[in-house]
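Chains as they are written, first to last, in the numbering used here: chain A, 1 to 301; chain B, 1001 to 1345.
Check before you lean on any hint, since a few could be wrong.
Listed below are the simulated BS3-like cross-link pairs for lysine-lysine, each with C-alpha atoms no more than 25 Å apart in a straight line [claimed, not checked]:
| no. | chain 1 | residue 1 | chain 2 | residue 2 |
| --- | --- | --- | --- | --- |
| 1 | A | Lys107 | A | Lys8 |
| 2 | A | Lys218 | A | Lys250 |
| 3 | A | Lys108 | B | Lys1004 |
| 4 | B | Lys1339 | A | Lys72 |
| 5 | B | Lys1086 | A | Lys73 |
| 6 | B | Lys1339 | B | Lys1004 |
| 7 | A | Lys72 | B | Lys1086 |
| 8 | A | Lys227 | A | Lys297 |
| 9 | B | Lys1086 | B | Lys1339 |
| 10 | B | Lys1004 | A | Lys73 |
| 11 | B | Lys1004 | A | Lys207 |
| 12 | A | Lys250 | A | Lys297 |
| 13 | A | Lys72 | A | Lys107 |
| 14 | A | Lys108 | A | Lys72 |
| 15 | A | Lys72 | A | Lys8 |
| 16 | A | Lys126 | A | Lys73 |
| 17 | B | Lys1004 | A | Lys133 |
| 18 | A | Lys126 | B | Lys1180 |
| 19 | A | Lys126 | A | Lys77 |
| 20 | B | Lys1086 | A | Lys77 |
| 21 | A | Lys218 | B | Lys1339 |
| 22 | A | Lys207 | A | Lys107 |
| 23 | A | Lys107 | B | Lys1339 |
| 24 | A | Lys227 | A | Lys207 |
| 25 | A | Lys218 | A | Lys108 |
Calculated directly from the structure, the hints in this document are not laboratory data.
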Amino acid sequence: MAVIDVRKLTKRFGQFTAVDGISFSVSAGEVFGFLGPNGAGKTSTIRILTGLSRATEGSCHVLGEQMTPENKKVRRKIGVVFEEANLYTRLSGRQNLEFFAALYGVKKHRVSELLEEFQLAEAGSKLVANYSKGMKQRLLICRALLADPDLLVLDEPTSGLDLASVELIRGQIRSCAQLGKTVFMSTHSLEEADELCSRVAFINHGKIIAEGDPASLKLRFGQDYLKVDLIPSVPLEEFRQVVDSVQPIKTEQEGRVFSVLLGLSSNELGGKIDQLRTAGRILRIHSQEASLREVFKSVLG
Amino acid sequence: MGEKSRRILAFLRKDLSESIRNRTLFIAVVLPVMASFLFGVLDNAQAPKEFYVAIYEEAASDFTQFVTYTALNFTVESVPNPEQGKALVESGSVHGFIQVLREDEFTVFLDSGRPVYFFALSEHIEQLIELYLGVQPRYDLEIVAVGETDVSRSLLPVWITVTLSMIGVMVVSGMFAEEKDTRTIEAIGVSPAGYGELLLGKGLFGILLSLGTVGLMLLLNRVFALEWEGLLALAALIPVGAACFTAIGLLIGVLSSGQSAARSVATVIYFPMLFPALIAELSSFTRMLAVFFPTFHLFSGLEAVLLHGGGLGVIWSELLIMLAFSLTLWGATLLAYRKMVDSYD
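Put together the whole structure using the sequences plus the hints.
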């Protein structure tokens, strides 16, 4: 059974269509990445998915229930992390969690467990107003995990965080997936989606423009390439002429070292490397697979 | 305990914990309590213009006729004996009673529970008698304070009305709208908590805060020494008043986009709602205007109980009107909240 089943979902705000008839489904245990630029329709979809907002047209079923603002049946099984740190700043971290624990009907010892797990045990008695951004984000994830939900919905979970917090949160997302929980996440970080998601969908102007597992999307929209790092051994003018003649995908320079990216599918790859060797001393050659960033650029034109 | 009750109590506990660190709320609670205590003895310089007086003439005279035609701001009632005149003052039905003993000897009984009227009326009556006699005063005039009301208690109806309406309209509206500003309302929205639970939890907090503050005010002013009829009347009237103003606050919070909008709307509503009630007796126009506001009915009920020792039998009409206001406003709040959730984007 699909944990999330969205059919022809549309959300309009007056004349503006934020979500334009999208359909997708997410199966149990999947980490589904919902990717797209700002204003693409990600947050509007998440709001309908979590029952905060009503769809203009189409249907949105979560765990078998039609999501509407009135339907509270499956709310206990859904954990949500919002993009904004919507916490009570005049309460401590523990008080915040205890309040939501009461709303979800969760025992208090779960609060202590989560504070411990997310390295907030010591800060738990401090006011949230004094928390750093990373601490607030970890507390938001604690809140979402309070009722041990079947589905975790994350809106930009690591946006603007320090590396340690990012790693901690990504680790938790992986653990959730390992425990068979379903994760639906929107993120701007394509590296994060590449690392965590078993399936992704790209949304732009309210429409899904590509969907699939990262590997197949890379195969379809990306290009694997060979990266040749070299130091010019001829005058720079002449070196540039040689580099241009091998028709690289891209050229980068860092100090004296130039990196020339050649498409793996291009003809006469060996010949091109030989040609580069005439103009410079090759330091290393390595192949690199296409990234979701390239897929993103490709599908968004 | 059922799940719903547990969630309502969770809202209540959360709001109470937050309120300890909420400076606005602290000011709204402490200020009126301290003011009622410290400024209770101060005179109110506002001079009323409409007076209700009873007159009894011991000897045949035309004093009643003179007052009726000369003092247009006096509503005069002739009484058949002095006891009835004093009883009218004691019950708060009239502001004063003039007993004409002889052509140049008068006794004036004034309501000590209304210091504003006490001083203004004594001056007016003095001038009237001078005019009536057409001479410089040679008469014997004695002013007797009726009732044992101290001045601080006489101002309590004002302070209680101000406090209940301020906590309800200004504080509760702000606290609800703050949930929108901080988007914590969305975290509640995705939780299993339903409509009514959030509203009831917030409403209960507003009512309890109002009751706690007014209770403290009554305690500081030693009002718990009232007769049990009076205490019973207060126990009925104050919670209904608290519920009514809390509903207004919630309604403002639900309809506002955020805290600053709620504060503006609350201020615009609060002062016009409060003043006609407090100055209702200044003129027939202010009285006519005041009856449309719950503040007036609460104030009248409180005056009847705190100043004139009235019980439930005296304030039943005020209580019913307040109850009607409360039910209507709570109904409107629930509808507005449903509409807000329905169109929340």
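CA of Lys72 of chain A to CA of Lys8 of chain A, is that 25 Å or under?
-> At roughly 23 Å apart (the allowed maximum being 25 Å), Lys8 of chain A and Lys72 of chain A satisfy the hint.
Under the criterion that the straight-line Cα-Cα distance not exceed 25 Å, is the pair Lys227 of chain A, Lys207 of chain A satisfied?
-> Violated, at roughly 35 Å.
Could you grab the alpha-carbon distance between Lys1004 of chain B and Lys207 of chain A and see if it respects the 25 Å cut-off?
-> Roughly 40 Å separates the two Cα atoms, so the pair is violated.
25 Å limit on alpha-carbon distance, applied to hinted pair Lys218 of chain A and Lys108 of chain A | violated (45 Å)
Would the pair Lys108 of chain A and Lys72 of chain A pass a check requiring their Cα atoms to be no farther apart than 25 Å?
-> holds (22 Å)
Given the hint that Lys218 of chain A pairs with Lys1339 of chain B, does the C-alpha gap stay at or below 25 Å?
-> Violated - the C-alpha atoms of Lys1339 of chain B and Lys218 of chain A are around 46 Å apart, more than 25 Å.
Given pair status - Lys133 of chain A, Lys1004 of chain B, alpha carbons within 25 Å = Not satisfied, since the Cα-Cα distance of roughly 33 Å exceeds 25 Å.
Pairwise hint evaluation, Lys73 of chain A against Lys1004 of chain B, where the allowed Cα distance is 25 Å at most = holds (14 Å)
Take the C-alpha atoms of Lys250 of chain A and Lys297 of chain A, compute the straight-line distance between them, and say whether it is at most 25 Å.
-> holds (14 Å)
When you check the alpha-carbon spacing of Lys1086 of chain B and Lys1339 of chain B, does it fall within 25 Å?
-> Distance of about 56 Å is beyond 25 Å: violated.
Taking only the CA atoms, is the gap from Lys218 of chain A to Lys250 of chain A under or equal to 25 Å?
-> holds (18 Å)
25 Å Cα cutoff - pair Lys1339 of chain B, Lys1004 of chain B = holds (21 Å)
Hint compliance for this structure: hints 1, 5, 7, 9, 11, 16, 17, 19, 20, 21, 22, 23, 24 and 25 are broken, all remaining hints hold.
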